[in-house]
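Protein chains in written order, with our numbering: chain A, 2 to 162; chain B, 25 to 720; chain C, 50 to 368.
Hints may be right or wrong, so weigh each one.
Claimed, not checked - Straight line, CA to CA, 16 Å or less: simulated EDC-like cross-link-like pairs of lysine to aspartate or glutamate:
| # | chain 1 | residue 1 | chain 2 | residue 2 |
| --- | --- | --- | --- | --- |
| 1 | B | Lys716 | C | Glu125 |
| 2 | B | Lys716 | B | Glu633 |
| 3 | B | Lys716 | B | Asp588 |
| 4 | B | Lys226 | B | Glu342 |
| 5 | A | Lys63 | C | Glu128 |
| 6 | B | Lys226 | B | Asp91 |
| 7 | A | Lys63 | A | Glu124 |
| 8 | B | Lys530 | B | Glu549 |
| 9 | B | Lys166 | B | Glu152 |
| 10 | A | Lys63 | C | Glu125 |
| 11 | B | Lys716 | B | Asp590 |
| 12 | B | Lys716 | C | Glu282 |
Keep in mind that the hints were calculated from the coordinates and are not lab data.
Just so we're clear, the structure is a prediction, and the values are computed from it rather than from any experiment.
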Amino acid sequence: MALPYAHDIDITVQVNGRAVRAVVQPRTTLLDWLREEVGLTGTKKGCNEGACGTCTVLVDGKRMNGCLTLAVQCDGREVTTVEGLAEDGELSPVQRAFRDLDAFQCGYCTPGQLVSATACIAEGHATDPATVREWMSGNICRCSSYPQITAAVLTAAADVR
Amino acid sequence: MIATRVEATAKLTGRATFAADHRPEGVLHAVLVGAPVAAGTLRGVDADAARALPGVTAVLTAADLPDFPRLDMPAAVLTLPFTDDRIPHEGWPVAIVLGESIEAAEAARAVVRVDCAAEPPVLLGSGERTPAMGEDAVVFTKGDVDAARAQAAVRVEQTYVQAARHHNTMETSGTVARWDGDRLTLWDAVQAGSTVIPVVSKAFGIDAANVRVVSPHTGGGFGGKGYIWPHEVLAAAAARVAGRPVKLHLRRADQFSAVGYQPWMEQTIRLAADAEGRLLGVEHAAVNNAGLVETHVEPATEASKSLYASPAIRLRLEIERVSLNVPTPMRAPVEGPGLWALESAMNELADEAGIDPLDLRLANFAEVSPADGRPWSSNRLREAYAEGARRYGWRNRHQRPRQDGHWRIGHGMATCSMGSFRFPGAARVHLGADGSAVVESNVHDIGSGAQTVLAQIAAEELGVPLDRVAVRWGDTDLPRTGPTYGSSTTMGTGSAVASAARDVGKQLADLGIEADAMAAAGVDEIVGEGTYELPDGAMFNGDGEGTPYAMRTWGVIFVEVGVDPDFGILRLRRAVGVYSAGRIVNALTARAQMIGAIVWGWGKATMEESDQEPVHGRWLAKNLSNVAVPVNADIPADIDVSFVEEFDEAASLIGARGIGELGATGVDAAVAAAVHDAVGVRVREVPILPWKVLAG
Amino acid sequence: MIDFAYARADSPATAVAALRDDHATVLAGGTELLNWVRLGIAAPERVVDIGGLDELRGITRDGDTLRIGALTTLNEIGEHPLAVAHAGALASACLQAASAQIRNRATLGGNVLQRTRCAYFRAEEPVPWPCNRRSPGSGCAALAGLHERHAIFGWTDECVAVHPSDPAVALVALDAVVDVVGPAGPRAVPSTGFHLTPEEAGLREHRLDPDELIVGYRIPIEPGAQAYIKIRERASYEYAIVSAAAVVGPDRARVALGSVAGKPWRLPDLVGVPLTREALLPAVEERMAGANPLPHNGFKVTMARNAAVRAVLTAGGAR
């Protein structure tokens, strides 16, 4: 065979600004790798099929479902999780807005919401309530803090500006 | 008072730990292997291929596991898996894979071969129907409903159906179990950790004192994590057999059959009224599905003896046994289903009688409990109706535009109500000489903001600033208090905290000092204990039993719904809810609860269902891609929730009743009424899917 | 998931060689493949990752043709000025698909190759009921089961499922051409003939051979307006019950329906039909005369007709 197929792949991923080197099986998702190997349990597993957005992380600044991404696909890339949002111990504008506008209840979907909101703002989609609602629909909240989440995204967007 | 949640930073930085976040040294990953048929008997499990896969430590079958005794409530499943060869539903655990990694365990599950002798499953609608409680399906009678029907000027008789639906919590249930000799620690996704202990101790025949359940954060409960489910015992059993800690975090597919759901229900309502719409008789018959072996009853008829004054009432309850896993309470049990039927019928009665639906409710307002004439502990429903109508603009709703682009606009309303469940409570409060305080109680954080409310209560009672009050919760080593379900926590544990704080005050008084003089007096700390007890030391109390009062919470919901007649699709445009629920301790968390509850109701009304496949008997879809729950785009900003000013001292020391579920009742009936208002189609089955609107 | 072996392709040619020689399975974004492997729909021994092939990514205008590379993501297409200007139905379809997170990984090539969302098909193994696509010859459980979301055209007793892709519907309405490469070299497949229904081809879903790779799409640029209408019970992040793409030019309106068959269903063009509801309803209905609903999905005929009319009117500027 022309290509060097392997069952163990060497990867180096920048996780929240820190280089993490590992040997991973190709089938290991970014989600499971972060939680089980890197020890970052902030990112949660909701459905493991990309239908809920709970596992949202950033890869090179773009929001993606960790369960629909293989760790091997992140070799050489930057991954940001909820643990990487605060800077020097200071909550980010998105985190502050979620706190102040009470945009969470049980907290399980919250890491995904925060990461997704951070990207939503960076993408330029935090323009008005209807646009935010649509662009944040990839993060399901069963406790249903949706109006508060939308308000928090808009507030944080203004703060970021 | 508005106070941000005490656990905010932890949740916002990813530091709040949920059950599956725990990784004790040496932990094994467990995956359940479920029976692939909905009915039959197990002939054998062939795990050779599975055991041969790298990273697979073991595949446990009945032979490897202890013999479990029959359990007691609040175990939801009394006869555990692995006890006999009967298969009561698809997904019934017949093996447990243990792997060094999640990948290894999941891959192994797929290659375990389960051999069954399949039998035809019992399908919804064709199961055996029996009285739900006792010998007689009739559970309540007052007056003569048959005479009432004969005399009535206006009558409604309709049947309302609701599909089965799963809680679909974002966190699936899961348990991490670790044995240290005879001591068992469980990190468990639960709503009542204290109640796990008797179930687990009985399952293993161990001393309850040797079991500890740690559960600081639960990723959504809604009742789905209220009772104790087999996987919790199985995680501990696997850990015992393997001699290593085990993490059994249910996969989403397994969640559909390993824990419960709100049952499929069929309810028939017969209302008889005079020409002015005053009720002469109410008949309510309800049937919900149960498992073939395990039982769950949804007493949906409660509403019909609690909401409206009627001289004649007759209630019937039945269950229908089918080849599904057993249902369980879901946010707004009893009244959630009950008001779907009753409030829909009342809206139809209003139309029949030519009376405004709100006026019909006012005409039938119950000054005292219709069931037994007891006075209400506190009932400000009339004020709620008035305030809600004002905020919504109910009286001039049809003077506003009836069309918005493609959308036909409709309006609907319904009464909201929940019975007042109360459980005993216990708490401890520490007051330090430095002016700080610690509240301790084994409540759970399912998102209601309970810990924050407890901190507020302690702060207020002690006269200590809120930011000097810490709360410890979610550990059975702390004072064991009532469960975090049934909208009971603020009432029960809140009262216990108030009581403990008053105990601190009493001890200070006995010492003859003020709190700020503790240091000078050489007193480091004062520890107060408090409890909340029910009449006759009962473990549960509903509806004010044992007191002179009937207790219930109340409210009204108004919804504006857009219907696109070309497709039958529905969109929520605005909602107004006003509630009478006693004192509101934290306005911020209370608002979140009510909004969440209205969305819960919208989901039930318009999209949520779990279908039993009509030939094979199992859930058709066991995932979130084929099962819908509301997304952000479904929910407008214009959801206006508020409370009537109220202090109910009969219900609890702090004047509160419960709010977590109240807002989820009545929403579906209001939505169905709005659909009828918009396009003249009457749908009597939820969810109101587009094709049901088009069919009308 | 099973433990598959993995390698990265450094060129489209390498990828094609891997398909031909190693019977490898292509990994692009992975938003479909990972679920296929988890459910047991696919069990690849070898996976070749083409995600690094930047030459297959991007949107350019080449005279009267819009070129979109197969690895361009749905979000990239949805907001690209060229796509918005010249393939508005496609851009809109892309943005109405899935979620923002999925759209950041999902590629156009992968999206059109996605498989049905039929709940029977998507059961995890062991599959407990007949499904010819999971186990050829076993039958079709949806036929006698719950099939409200299933086909009204082109089905047979072998399979009644629908193709769920939104972008594919727009591509068909736009008469896009699919560029593929295989061991025998490049070839072009009209998108109207790319997907296949059971009536046409049994269980074969599309015309891409197992050793071929989609490299890009060419969309003719023509004057006019476009729209994509997606009907679903929740407002976002859900597959369509029905959908419709409309491309309204000066002399004709091209319409394709989605989620009504195993392939996007192109209606005969509307020529000389006034762009009013009164004129369009019977015209579309006539072009849907061959609809063959299942016992429980007759409403889909009405919904699809209304979606087509709504799409044409929306493109035509009506509200």
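Pairwise hint evaluation, Glu342(B) against Lys226(B), where the allowed Cα distance is 16 Å at most:
Outside the cut-off at roughly 31 Å; violated.
For a C-alpha distance cap of 16 Å, please report whether Lys530(B) and Glu549(B) respect it.
14 Å, holds
Mind checking the alpha carbons of Lys716(B) and Glu282(C) for me, to see if they're no more than 16 Å apart?
Cα-Cα ~12 Å, so holds.
Given the hinted pair Lys63(A) and Glu128(C), is their Cα-Cα distance within 16 Å?
15 Å, holds
Pairwise hint evaluation, Glu125(C) against Lys716(B), where the allowed Cα distance is 16 Å at most:
This hinted pair is violated, its Cα atoms lying about 37 Å apart.
Going straight from one Cα to the other, do Lys226(B) and Asp91(B) come out at no more than 16 Å?
11 Å, holds
Holds or violated: Lys716(B) with Asp588(B), Cα cutoff 16 Å?
13 Å, holds
Between Lys716(B) and Glu633(B), does the CA-CA distance stay at or below 16 Å?
Cα-Cα ~14 Å, so holds.
Is it true that the CA of Lys63(A) sits at most 16 Å from the CA of Glu124(A)?
9 Å, holds
Pairwise hint evaluation, Glu125(C) against Lys63(A), where the allowed Cα distance is 16 Å at most
This hinted pair holds, its Cα atoms lying about 12 Å apart.
Starting from Lys716(B), check that the Cα of Asp590(B) is at most 16 Å away, please.
12 Å, holds
Does Glu152(B) lie within 16 Å of Lys166(B) when you go C-alpha to C-alpha?
The hint is violated at about 28 Å.
Of the numbered hints given earlier, the model fails hints 1, 4 and 9; all others are met.
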